[in-house]
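For the record, the sequence lines run as chains A and B. If you use the working numbering, the first sequence corresponds to residues 1 to 353, in order. If you use the working numbering, the second sequence corresponds to residues 1 to 330, in order.
Each hint should be verified, as a subset may be incorrect.
[Unchecked claim] Incomplete in silico selection of chain A near chain B, CB under 7 Å: (1) E43; (2) S44; (3) S158; (4) T185; (5) V189; (6) T190; (7) A193; (8) M217; (9) L271; (10) A273; (11) N277.
[Said to hold, decoys possible] Covered by chain A, per the in silico footprint, the following chain B stretches (three or more residues, Cβ under 8 Å): (12) 147 to 154; (13) 193 to 205; (14) 254 to 266.
Simulated from the structure, these hints should not be mistaken for lab results. Think of the CB as a built atom: it goes at the ideal place given N, C-alpha and C, for glycine as much as any other residue.
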Amino acid sequence: MSVSLLEIKDLTVGFPAEQGILKAVDRVSLKMEEGKTFCLVGESGSGKSVTSLSIMRLIDYDGGDILSGEIFFHGEDLVQKSQEEMIKLRGYKLAMIFQEPMSALNPVFTVGDQIAEAVMLHQKKGKKEAWQDAIEMLRLVGIPAPEVRARQYPHELSGGMCQRVVIAMALVCKPEVLIADEPTTALDVTVQAQILDLLRQLKAELNMAILLITHDMGVAAEVADQIAVMYAGVIVEEGTVEQVFSHPCHPYTLGLLKSIPGYESERGKDLYAIPGNIPSLAQLPQGCRFHPRCVPAREKCRLEEPVPHDLGSGHVVKCWLSEGAERAEKRSPDLPADMNQGEVNGGKEVRTL
Amino acid sequence: MNAPELASEQYLLETSGVKKYFPIKKGVLNRTAGYVQAVDDLSFGIFPGETFGLVGESGCGKSTLGRVVLNLQRATAGRVLYNGRDLTKLQMKEMRHLRRELQIIFQDPFGSLNPRLPIKDIIGEPFRVHERVNKREIDEKVVELMRLVGLDPARRNSYPHEFSGGQRQRVGVARAMALHPKFVVADEAVSALDVSVQSQIINLFMRLQRELGLTYLFISHGLNVVRHISDRVGVMYLGKLVEISPTDELYSHPLHPYTLALLSAIPRPDRAKRSKRLILQGDVPSPANPPPGCRFHPRCPYAQALCREEEPLLRSSEGDHRVACHFPLG
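Excised from the complex, chain A in its bound form:
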């Protein structure tokens, strides 16, 4: 494994509340490499956005506290940096794009000005030069007639165009790490396909590392190299795209996949549904956080929190039931995922809920 560009070690982020400090992210660790896309997948409230805001240290402004852990970027711990030092990094070496392109842009400045601002601030270039950089960047993200578009205001552009502008703004200083928080969720499918394609292409051109946050397993499968699935503040499964999608081992990952219409269900028949609801952070279950919704859960799951378990070559699962799963994976690598799952769950039928 090569040296990672950005590494999070045991990050815990808390929010003060009536019930005490709620840990939205609990001992999360991940590694990002140059030129690779890392996807954090999870449902609302799983802590994926809090993780990304912590890397940028924007969490300080959202009322959260980094309670423990380290975030190494080029060997320096971002957690220890002051906000003044972070301002120099943000929008320069570390860039971020958000879900709502319309609200991420300032309506009273032209899009060219907004892109040039970052260049003038971080690269100490003059106005003219920065403007040229902005136009060049607009061209790179595929906006036709960039000289004209640069003089327009956000309301004159469509949603897809605005998202391209936001991407241009994030990339204009050639960042090493790009964090994209649900970058296509507000867009239509055909535009989403364009933007995902663009991200893939730019990643190769600029050799940057992308942290993509999404709730959509399909989007993750399209663009990710590495995937981590989050549930209630912890990473429950992590691995390469192939490992996680071809051999999902955590019952939650498998449940998420099976809930997608058309994944394995027959049209018009009942869909697989994970029973119950996502627990509130104030009342996290004991033991494994997923156990109340997990059909094959055992006694041990109710009592002890599972420890990360390596199934081999970096496919890590936090589940007591995954013990002995390597055997199944090795024996039948070509079987569909849910047949392997039968082994993982001790042969129990997961479908009959």
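Following the hints, complete the assembly by docking chain B onto the known chain A.
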């Protein structure tokens, strides 16, 4: 569904040439400068007991169509026949009476429930409006409805904010089911929900249809959701229906290039099932100024001279599969 054999008079709901234009007002005199052609000359029908899925991207007019077929917005032109009666011609009083049979479920489970009412009042409201029943009877019916949609009746005095998104959507469904409707429009009813909750609500929709014999117009931009729940699917682009077909046929053999582009744009978690992509260039044009000829031609990779000049009409291709394209895909 034996839909193909039925004659057209057996549609539960039918539109013919229905249009909905919104005027664009400009200047101090508030003169009408043009029209947004949200729905333009649509004719289609929905059979009793079926689920008709309507897909398309934002701004294509699918939600407007959903409102027009319920007469929540009066059509600018054309007819909307429900059980043979033209809704656009009905008096206010007659329409109000018919509303019992026609219901709608909205996307946003946060915005569509009054935050100041306990949910027993939200679910019970249709009874107070439409029926003369006393408090105790309403209470009994509320309990029954909550059981029907999988909510705990003991929580009927709670307020909407005490419920999760999925539970709130169940409240919206219970309210829509209160008066035993026959026809329900579900407008992006599962789009705002997380996947694990979404599958629960989709199952609820399908169960209610089996138990109560409902007919759905299921509007969504989520193509795989529509595929799962629908018997037939219509694809909209810029105010026009470009393709209508039984679901399996549409997803396996799309005839319109736009449908193909939509289908190939679905990100799939199973890499093996992924097909070759047709990524469209450009954006959806403004419905205030749609392109001449076929409205899709500026983005269509297969467009020819004829497409720029003449508007293609929706016509039968094979059996029940209809497409509006001069050069449908083979």
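Legend entry - Enumerated hints in conflict with the structure, sorted upward: 4 and 12
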